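Listed in order, the protein sequences are those of chains L and V.
For the first sequence, the positions run 1247 to 1683 when the working numbering is used.
For the second sequence, the positions run 26 to 294 when the working numbering is used.
Derived from the structure by calculation, the hints contain no laboratory data.
It cannot be assumed that every hint is accurate.
[Claimed, not checked] Computed list of lysine-lysine pairs in BS3-like fashion (alpha-carbon distance at most 25 Å, straight line):
{"no.": "1", "chain 1": "L", "residue 1": "Lys1507", "chain 2": "L", "residue 2": "Lys1477"}
{"no.": "2", "chain 1": "V", "residue 1": "Lys144", "chain 2": "L", "residue 2": "Lys1525"}
{"no.": "3", "chain 1": "L", "residue 1": "Lys1534", "chain 2": "L", "residue 2": "Lys1477"}
{"no.": "4", "chain 1": "V", "residue 1": "Lys144", "chain 2": "V", "residue 2": "Lys202"}
{"no.": "5", "chain 1": "V", "residue 1": "Lys202", "chain 2": "L", "residue 2": "Lys1477"}
{"no.": "6", "chain 1": "V", "residue 1": "Lys144", "chain 2": "L", "residue 2": "Lys1534"}
{"no.": "7", "chain 1": "L", "residue 1": "Lys1481", "chain 2": "V", "residue 2": "Lys144"}
{"no.": "8", "chain 1": "L", "residue 1": "Lys1525", "chain 2": "L", "residue 2": "Lys1481"}
{"no.": "9", "chain 1": "L", "residue 1": "Lys1507", "chain 2": "L", "residue 2": "Lys1481"}
{"no.": "10", "chain 1": "L", "residue 1": "Lys1481", "chain 2": "L", "residue 2": "Lys1400"}
{"no.": "11", "chain 1": "L", "residue 1": "Lys1400", "chain 2": "L", "residue 2": "Lys1339"}
{"no.": "12", "chain 1": "L", "residue 1": "Lys1507", "chain 2": "L", "residue 2": "Lys1525"}
This structure is a prediction, so every number in the text was calculated from the model and none was measured.
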Amino acid sequence: MFACLHGSGNLTALAFEFSPTVERTAPHTVTLDASGLDRLFGLPQDVAAAIARRAGEVQVKVAIALAANPDAAICAARGFPGVNVIPYGDEAKFLGSLPLSLLAPSQELQETLERWGIRYFQDLAALPPLGIAERLGPEGLRLRELARGEAERKLVPLEEPLRFEDEIELDYPVDLLEPLAFLLSRLVNGLATRLATRALATDELRLRLRLENRSTHERTLRLPVPSLDTKAFLKLLQLDLSANPPPAPVVHVWMGVNPVKPQAAQSGLFVPVTPEPVKLELTLARIKSIVGASRVGSPELLDTHRPGAFRISVAAYRSPQSNPGISVAAYATPESNPRVGVEFGGSVACHRNKLALRIFRPPRAARVSLTSGQPGFIAADGIRGKVLELAGPWRTSGDWWTTDPWSSDEWDIALSDGALYRLCCNPRGWFVEGSYD
Amino acid sequence: MAKLAGAAVLQKQFESVLGGHLDWQSRPVPELVRTGVSEVDTATGGLPRGCLTEIIGPASSGRTSLLLAILAEATARGEVCALVDAEDAFDPASAAAAGVRLESLLWVRSAHNAEHALKAADLLIQGGGFGLVAMDLGDTPADTARRISLTSWFRLRRAVEHTPTVLVTVARQANAKTCASLILECRRERTVWSRGTEELNSPRRRGDAETSAEKNLPLGSPRFPPRLCVSAVSSPTLPHGYLLRGIGVRVTSKNRSKVCSPVFTAVAI
């Protein structure tokens, strides 16, 4: 069973309320597949009445026709006002009084039919098909089928644009995050439901807040993997808005998500457990709210000789699956991680046991007394002592061809306080860079 | 007395149903993981999962070197690790040289705030999925670290319990008291300097570009000349460019029935 809506207004939205298979037949005509609606509403008359009732609610003026095939429904909706239900098998009789101009034949064919005195559906429907085929060709046969209400075809369904957006216009400005969270929850849940019905997830949430002072506050949250975890989304939004609150009360909330296919990955049985991406994102957001956004991440060394050059990478973790450098075999067998012992002063040492440097950030400015051109006594913040042993200097420099050159002389010193330090002298003075530990 | 007797009867009933004597008191033995230092592994058996391990010692005692070895071992196993750095003292270059896969390491810099470090460590453990969570309080003043309440340590211990995560803290002194399952005390035994004629052929020169072939050579093997060879204006008695070679560290294990104190050596990068 097919239904046709002919009229003005947002017919597509009305049709999508009743069926997912909707064809935009013409600018003012929409056809939908109404099969199955009888289980919801009952008889075809009840289906037509339900559509008409809903059209009245959304204030759409429309003629509605239900028939066994889409073209019969289209002709009826275009030709008769109000609600019409064509009984199965009575299509030719029902449509007989309609003028042939409704089928929009070609100019040449219309002139021929007018010369023959054929002006209505019933006139064309009464003609023999063989004679029509001989005289008017396939187009004539097609018109005859339409006039008899016997044309069968598939609907060309309209693809609903995948735009997952929602908005709320507020009656009064909201200046606290807590009431705003309730609105966000409503939007997030609605969008997540819409995504779930299409078996989709999202990896990006966009929030646009229109403020009372007519400015706009926009935030974008990107997730490492697609998800539909509404609780995590809401918490992430709350944490983000706590860290970056809107400067004025909110009067309008708009939210959009990026629909993507959900990621389904099964980890191996012997692969070490890694943090769940969405949960980790939430944990990182919480930690960032405590220590600061720029102070959490993976360290990444820069390709330079400048001492202490690194940056914090946003990608805070790598799962073994995404890291081709680590294979299951690589960490499953102890042989793959050999410890080659070497003789060092009578004890066995391992190559990996490297002496670590603990960096003082910022470097501690030091007062240094020189003895025979070498540091003899050091005094800095929290550090004070006589130099017992030292080695150096190691002179380094670089980037002299840029506007930010660097150079320093470095010493490794053992102080009388029992610790080992790295001391450096650069154009700005003496500094204790860190301690060996 | 009546309650105790009732409990004994109940226990006997359970044992008769389940068959045989059941050990109700003892906990399951935690899984041990390697530290990355073979001497320490041989002596202690490794670090227990789901437990708190403290690495303690004064400055320059080799605590951080041991921590980096542990991180290197954990990341080599394919585990994701987290380092909560209370004093912002972590040196990524040292870690990379020690074999830590930096891309598998989450670094949280809590900017000289031990309380924030505790909160971050708690959140990371609660989040789950980390093979190792390390909290570095190595440069935190002793009185500040001592002021961390036992409740906080107990909370951390409870959070990590029954998880596959190894929780390691580095500090100057033991702070967690009974909450720590293992305490490794580090002490520097000796310092080796690059000077004198026998050291002139030493491979240790800061700034040397180590090739992959060189990395596997034992110490003392002849290597290519350093990429940068700079002569500085200073005392002629010291060979320029030859610096600290390494330290020998003695690790004493506590909280174990078998007291052991292995020695390992950390060589300078």
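Results for each hint:
1. Between Lys1507/L and Lys1477/L the alpha-carbon distance is near 19 Å, which keeps this suggested pair within the 25 Å criterion.
2. Using a Cα cut-off of 25 Å, the hinted pair Lys144/V and Lys1525/L holds, with the two alpha carbons roughly 17 Å apart.
3. Pair hint Lys1534/L plus Lys1477/L holds up; C-alpha atoms about 19 Å apart against a cutoff of 25 Å.
4. Between Lys144/V and Lys202/V the alpha-carbon distance is near 19 Å, which keeps this suggested pair within the 25 Å criterion.
5. About 38 Å separates the Cα atoms of Lys202/V and Lys1477/L, which puts this hinted pair outside 25 Å; it is violated.
6. Annotation: proposed proximity of Lys144/V to Lys1534/L holds, straight-line Cα distance about 11 Å (limit 25 Å).
7. Between the alpha carbons of Lys1481/L and Lys144/V the distance comes to roughly 18 Å, so the proposed pair stays at or under 25 Å and holds.
8. Between Lys1525/L and Lys1481/L, the direct Cα distance comes to roughly 11 Å. Compliance with the 25 Å bound is thereby established for this hinted pair.
9. Between Lys1507/L and Lys1481/L the alpha-carbon distance is near 22 Å, which keeps this suggested pair within the 25 Å criterion.
10. Proposed proximity of Lys1481/L and Lys1400/L is contradicted: the alpha carbons are some 47 Å apart, above 25 Å.
11. Of the supplied pair hints, the one linking Lys1400/L and Lys1339/L holds, its CA atoms being roughly 23 Å apart against a limit of 25 Å.
12. A C-alpha spacing of about 19 Å is found between Lys1507/L and Lys1525/L, which places the hinted pair at or below 25 Å, so the restraint holds.
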